[in-house]
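Protein chains: 2
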Amino acid sequence: MNIKKADKIPSIVVPRLSRYYRILFELDSSPLISSKVLSEHTGFTAAQIRRDLAYFGQFGSPGRGYNVEELKKTIKNILGLDRAWNVCVIGTGNLGMALLGYNGFKDQGFEVVAAFDSDPEKIGKTVNGIKILSISEMAKVVREKNIQIGLLTVPGRVAQQAAENAVNSGIKSIMNFAPVHLKLPENVKVRHIDMTVEIERLSFMISRE
Amino acid sequence: MNIKKADKIPSIVVPRLSRYYRILFELDSSPLISSKVLSEHTGFTAAQIRRDLAYFGQFGSPGRGYNVEELKKTIKNILGLDRAWNVCVIGTGNLGMALLGYNGFKDQGFEVVAAFDSDPEKIGKTVNGIKILSISEMAKVVREKNIQIGLLTVPGRVAQQAAENAVNSGIKSIMNFAPVHLKLPENVKVRHIDMTVEIERLSFMISRE
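Quick note, the sequences are listed as chains V and Z, same order.
Per the numbering used here, residue 1 is the first one in the first sequence, and the count goes up by one each step.
Per the numbering used here, residue 1001 is the first one in the second sequence, and the count goes up by one each step.
With the rest of the complex left out, here is chain V:
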């Protein structure tokens, strides 16, 4: 991999790399894969795919396709999946509990190792092998368990405060499931997943018919 080029990958390309990566595992193993086949399975155009993979430098033989193993290894490295990530759930309401019961991240190297809540009735309970701890223990646990990513699943009205507490506890990346925009220092990485927004896009589309 041409690291210099890889460093220039725009963030818009990253979700597509994730998609290519999973497709490579989903498909029956063939040593080579063409941009055309990747296009069929992702819905991105073959031209787009060739442009995306060109960030890695010369890669694959024109007309023959990309070397699947090399492609897997390169994308794995680019996405930071060549190492394990420790994750915590912040807020064990409905969605937090659901995510504690969800092992899908683990396959990609993201392991939920802790859960936090402020509700005394929840603290101390164990879900899917994870004991729910008090928010007040977050700084200690983040340090001890080397937690890098927090899944923020608290209600919207307390999300900003909970996110600030997470950042003060040493968490540098937040996947925000709460329906609010978080104002955090620039060095904190935030991604927003709003499932309600997505389902409401569907209801909007159906209603318009």
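The set of hints was computed from the structure by calculation and includes no laboratory data.
Virtual Cβ for every residue (Gly too), placed ideally from N, Cα, C.
Think about it this way: if two alpha-carbon atoms lie no more than 25 Å apart in a straight line, the pair counts; the simulated DSS-like pairs of lysine-lysine are:
hint : chain 1 : residue 1 : chain 2 : residue 2
1    : Z       : 1106      : V       : 122
2    : Z       : 1036      : V       : 183
3    : Z       : 1172      : Z       : 1076
4    : Z       : 1183      : V       : 36
What the simulated footprint calls covered on chain Z by chain V, stretch by stretch (three residues with Cβ under 8 Å from a Cβ of chain V suffice, anywhere in the stretch; the number is not a length):
hint : stretch
5    : 1097-1103
6    : 1203-1209
Take a look, some chain Z residues computed to stay more than 12 Å from chain V by CB distance:
hint : residue
7    : 1047
8    : 1051
9    : 1069
10   : 1119
11   : 1122
12   : 1133
13   : 1145
Please build the complex by placing chain Z on the supplied structure of chain V, with the hints as guidance.
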């Protein structure tokens, strides 16, 4: 509401309407809200917000703000939240089970009323009050329970087939959680939520540091 204008709302505006809608409920009730306050809570610019809300026609007094109750009612109507939606879970693996245990959609009028799987070991079990049914019963159940939206939570390799089966069973809208692009008739509405893509955007960003 000016229906004519509302019909012209571009789909890119819809997720922002969802965000405004929830913010209006989250905030302490005041009869008026300014684009500035909405901006602070959503992260969208005040100019953007004014443009978005202008699709509804004249709405709110310049310099004074928008009428909160009127705004709620209008957005609710636009998003199709003035009615109930019946939803089913297709695939009761890890994520499907998590979504069966998640009641967050219900607050917005989306109720999970059925779950389907092809695994004989799962069929017949009850989770969160929902009995898991065989895929072969889908057409009957979709009709009987008037199901409009399917949450597709099957593995990637069977997602296309499961989606086609859902469409053949009468489902017109799919929220696709599987990591593959679905090829479906144009009249089927599809939204894609890929949680792994999102968490990998975080690991990419942390790794680049």
